[in-house]
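Chemist: Given the coordinates of chain A, work out where chain B should sit on it, guided by the hints.
Chain by chain, the residues:
There are 2 protein chains.
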Amino acid sequence: MADTDWPGCARSLKGVILDMCGVLYDSGEGDGVAIPGSIEAVKRLKASDLQLRFCTNETQAARETFVAKLQRLGFDILVSEVFSPAPAAAAVLKERGLRPHLLVYDGLLPEFDSVDQSNPNCVVIGDAAEKFTYQNLNEAFRVLTDLEKPLLFSLGQGRYYKETDGLKLDVGAYMKALEYACDLKAEVVGKPSPTFFQSVLNDMGLQPHEALMIGDDLVNDVGGAQRCGMRGVQVRTGKYRAPLQKRASNSPT
Amino acid sequence: MADTDWPGCARSLKGVILDMCGVLYDSGEGDGVAIPGSIEAVKRLKASDLQLRFCTNETQAARETFVAKLQRLGFDILVSEVFSPAPAAAAVLKERGLRPHLLVYDGLLPEFDSVDQSNPNCVVIGDAAEKFTYQNLNEAFRVLTDLEKPLLFSLGQGRYYKETDGLKLDVGAYMKALEYACDLKAEVVGKPSPTFFQSVLNDMGLQPHEALMIGDDLVNDVGGAQRCGMRGVQVRTGKYRAPLQKRASNSPT
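Order-wise, the sequence lines are chains A and B.
In terms of my numbering, the first sequence has 183 at position 183, counting the first letter as 1, and numbering is strictly consecutive.
In terms of my numbering, the second sequence has 47 at position 47, counting the first letter as 1, and numbering is strictly consecutive.
This is chain A alone, in the form it adopts within the complex (with noise of 0.2 Å):
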């Protein structure tokens, strides 16, 4: 964000949308580690007189076991105050009567118990980290192909992510891969579609002009939220590299 439009931003700022791998924590091992400073952040925003909520592409498991972890990390966050891709995708598929083919974490499954799985007439890939083997990924491929109208959806298209170990590939590398493979154009559901984050601002009650979101991807976070009018600031730990940041076509405002 530029120092000169800092002042008129801040007057007009009513609430604040915070993404949370890499912002607040990094993931890896065990529950990852908290990000030093940002436990007493949350704890500041959450005393000042703006609204606070957290958006995540978070799919690596359900929302109650993923806030459940960052609350044993020390942060004062509750499940009702958390967006993610899986319940927004449970929704859709039962609004359109689709049947899936899962391809997510195991422990995302539980999100999906309620939506008819038998038969399937779409393939959903979340972040499905290890299971991303070459058997999944032609499994997935071959229910694609057998459709008359092949249908993917992506929970979420980020390119990649940092655990404690270094950087991993996440979902929309994968859904590329299957988007080539089938000649086909994935559903995003999740960060950056501009409907997930207008979501976020209905629940605030508020213009995209008095919403700050807070994020380490430059597209997902910076790039959606710049789409639907919010202001974008990015952070420089996570994900964030400064030889990547060279190439992006976009910037924090």
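Rather than coming from a laboratory, the hints here were simulated on the basis of the structure.
There could be a bad hint or two in this list.
Same chains, same names: a pair is fine if it fits in one copy or spans any two.
As the list claims (entries may be wrong) - Within a straight-line C-alpha distance of at most 16 Å, the following computed EDC-like cross-link-like pairs (lysine to aspartate or glutamate) qualify:
no.	residue 1	residue 2
1	K94	D116
2	K162	D146
3	K162	E139
4	K131	D106
5	K94	E163
6	K14	E179
7	K162	D203
8	K69	E95
9	K69	E81
10	K162	E40
11	K149	E179
12	K94	D31
13	K94	D146
14	K14	D49
15	K69	D26
16	K43	E139
Modeler: Showing chain B alone in chain A's frame:
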């Protein structure tokens, strides 16, 4: 190929280039199986006045091993008649002083024995099948992100191929995954690269209009040959699937 074009083409035809997997045989357990009629077809082409070459994006085994398999299946084929991406890539790497991190099938490694692989300054991926694990892809990704100028070579860009137990994702899908994650464009070695087709034409001493490419892949075989000025014929064996065909942007001549 439209019927009306065939007689004109046949008069000038001096050479035939055959794709191998999906045209001569279906791969799978063991040596795979010869496609009915293909052993006899190769025999008749060799007995004719036409020159014959084989052009494959096969990257699961070194050429010697691969040709020996085809010979066991009953095909009259010599190593010197076969063009494949790995020897072409090894030549490019040596020419440009590049040291590859290899993500390829174990059987292909001997093709790179003469290439320095210490302290890698590029990544080469081929169809690695079961070796396309999350861990191996992350490793290739990290090599690329650590480079000042990330450089990715892909041995072919096929979307998928057919084995006896079904369709499987080809190297192109994983190339797209890494391209997206690293925000770069891979250099493709093999079909449909014009350089690759031209090297086959040179070997036969023919002009493009004197040669016919026969393959099961509309983009890499037929499209690649057409862009070089050759005729392209698509067989309906191998990976051919009517529903996928309908969505393609080019068509056989």
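Chemist: Look at each hint and say if it fits the structure.
Modeler: Structure-based check of all given hints:
{"no.": "1", "hint": "K94 - D116", "result": "within (8 Å within a copy, 55 Å between copies)"}
{"no.": "2", "hint": "K162 - D146", "result": "between (35 Å within a copy, 14 Å between copies)"}
{"no.": "3", "hint": "K162 - E139", "result": "between (27 Å within a copy, 13 Å between copies)"}
{"no.": "4", "hint": "K131 - D106", "result": "within (9 Å within a copy, 22 Å between copies)"}
{"no.": "5", "hint": "K94 - E163", "result": "neither (33 Å within a copy, 35 Å between copies)"}
{"no.": "6", "hint": "K14 - E179", "result": "neither (39 Å within a copy, 39 Å between copies)"}
{"no.": "7", "hint": "K162 - D203", "result": "neither (29 Å within a copy, 49 Å between copies)"}
{"no.": "8", "hint": "K69 - E95", "result": "neither (31 Å within a copy, 52 Å between copies)"}
{"no.": "9", "hint": "K69 - E81", "result": "within (15 Å within a copy, 60 Å between copies)"}
{"no.": "10", "hint": "K162 - E40", "result": "neither (22 Å within a copy, 55 Å between copies)"}
{"no.": "11", "hint": "K149 - E179", "result": "within (13 Å within a copy, 26 Å between copies)"}
{"no.": "12", "hint": "K94 - D31", "result": "neither (32 Å within a copy, 46 Å between copies)"}
{"no.": "13", "hint": "K94 - D146", "result": "neither (22 Å within a copy, 43 Å between copies)"}
{"no.": "14", "hint": "K14 - D49", "result": "within (8 Å within a copy, 81 Å between copies)"}
{"no.": "15", "hint": "K69 - D26", "result": "within (12 Å within a copy, 49 Å between copies)"}
{"no.": "16", "hint": "K43 - E139", "result": "neither (45 Å within a copy, 37 Å between copies)"}
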